[in-house]
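Listed here are the chains, written in short residue letters.
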Amino acid sequence: MDWQGQKHSEFLMQILLVVFAVVAFAVGYAIESFQMMMLIYASGVFLTALITVPNWPFFNRHPLKWLDPSEADRHPKPQATAAASKKKASKQK
Amino acid sequence: MHSFVYRLNTLVTFAAVILAVLCGAASFLDAFNSPSVRAHAEVIKFNRFRKQLSGNDEVSLTLNISMDLRSLFTWNTKQVFVFLAAEYETSKNSLNQISLWDYIIPDKDHAKFQAQVANKYPLIDQGSNLRGKKVEFVLHWHVMPWTGRMIEGKMAVSNFYLPEAYT
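Heads up: the sequence lines are chains Z and E, in that order.
For what it's worth, numbering that gives the first Met the number 0 labels the leading residue of the first sequence as 0, then goes sequentially.
For what it's worth, numbering that gives the first Met the number 0 labels the leading residue of the second sequence as 0, then goes sequentially.
Just so you know, the hints here were simulated from the structure itself, not pulled from any lab data.
Among the hints, a few may not be true.
Straight-line C-alpha distance at most 20 Å; calculated SDA-like pairs for lysine to any residue [as the list claims (entries may be wrong)]:
id, chain 1, residue 1, chain 2, residue 2
1, E, Lys-119, E, Lys-77
2, E, Lys-50, E, Thr-166
3, E, Lys-111, E, Met-143
4, Z, Lys-6, E, Thr-12
5, E, Lys-77, Z, Ala-29
6, Z, Lys-6, Z, Val-17
7, E, Lys-132, E, Lys-77
8, E, Lys-77, Z, Lys-6
9, E, Lys-107, Z, Met-35
10, E, Lys-133, E, Asp-56
11, Z, Lys-6, E, Val-11
12, E, Lys-77, Z, Phe-24
13, E, Lys-107, Z, Ser-32
14, E, Lys-44, E, Ala-117
15, E, Lys-77, Z, Met-35
16, E, Lys-77, Z, Val-17
17, E, Lys-133, E, Pro-121
18, E, Lys-107, Z, Phe-33
19, E, Lys-44, E, Met-143
Non-contacting residues of chain Z with respect to chain E, defined by C-beta distances greater than 12 Å in every case (computed) [claimed, not checked]:
id, residue
20, Gln-5
21, Pro-56
22, Pro-68
23, Arg-73
24, Pro-75
25, Lys-76
These figures come from a predicted structure and were not determined experimentally.
Virtual Cβ for every residue (Gly too), placed ideally from N, Cα, C.
Required output: the full structure, derived from the provided sequences and hints.
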């Protein structure tokens with residue numbers, strides 16, 4: 000997922016879980032069935048997991064722009080030999 | 000939100016916390032239930048009234064019990080445990096409570112009934128004080144919920160006097 004996708008996923012997860020909990024409580028209280036409340040909430044948790052946890056493509060609509068390989072070549076990493084010659088100079092003193 | 004396992008962990012934790020809140024809310028609403036229980040119990044006959052070899056009195060009786068406990072049931076009630084206690088006073092103990100009969104009521108449909116039963120558990124005194132004793136029947140109930148606090152209650156039902164002599 001990209002950064003936007005992660006934000007959307009977290010937001011969706013929180014909203015969906017709370018909504019399912021409220022609906023489950025209301026329905027369970029109205030029809031006087033504790034079992035129904037648990038059933039609705041459990042299926043809500045499962046559904047939310049299905050929507051928000053896997054890396055779906057709609058979470059990747061703002062893909063990150065990584066640096067071009069050719070641009071990276073122009074700024075090479077510093078070499079280890081330069082550090083070794085510096086040490087030799089200070090020791091001789 | 001950086002990996003599948005991270006998101007799964009967040010979801011499971013949040014779902015568990017919300018579940019705890021749901022159960023707390025369901026149990027909280029139970030406190031607003033104001034029940035009205037009706038019950039009646041009377042002794043039909045004394046099957047046996049004797050003094051055991053140990054010196055303790057023992058009574059066996061046949062009871063006629065009827066009750067209506069439907070108002071105790073809420074949506075959060077798993078079962079109601081009800082028992083009938085015989086209470087009396089002696090010189091040794093200011094209060095003796097002996098359970099004579101109990102029953103588990105699984106749902107509201109079974110909560111209103113009438114039964115004629117012999118006592119499940121014998122009425123045995125600590126000593127030999129029961130002749131001519133005044134005994135009170137008290138119905139106790141424990142409302143056991145699916146989640147949360149168990150609620151207890153009781154109601155005095157009737158009085159009776161034991162025979163003056165052993166049968």
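- [ ] State the violated hints by number, sorted upward, taking the hints as numbered earlier in the document.
- [x] 1, 7, 8, 16, 19, 20
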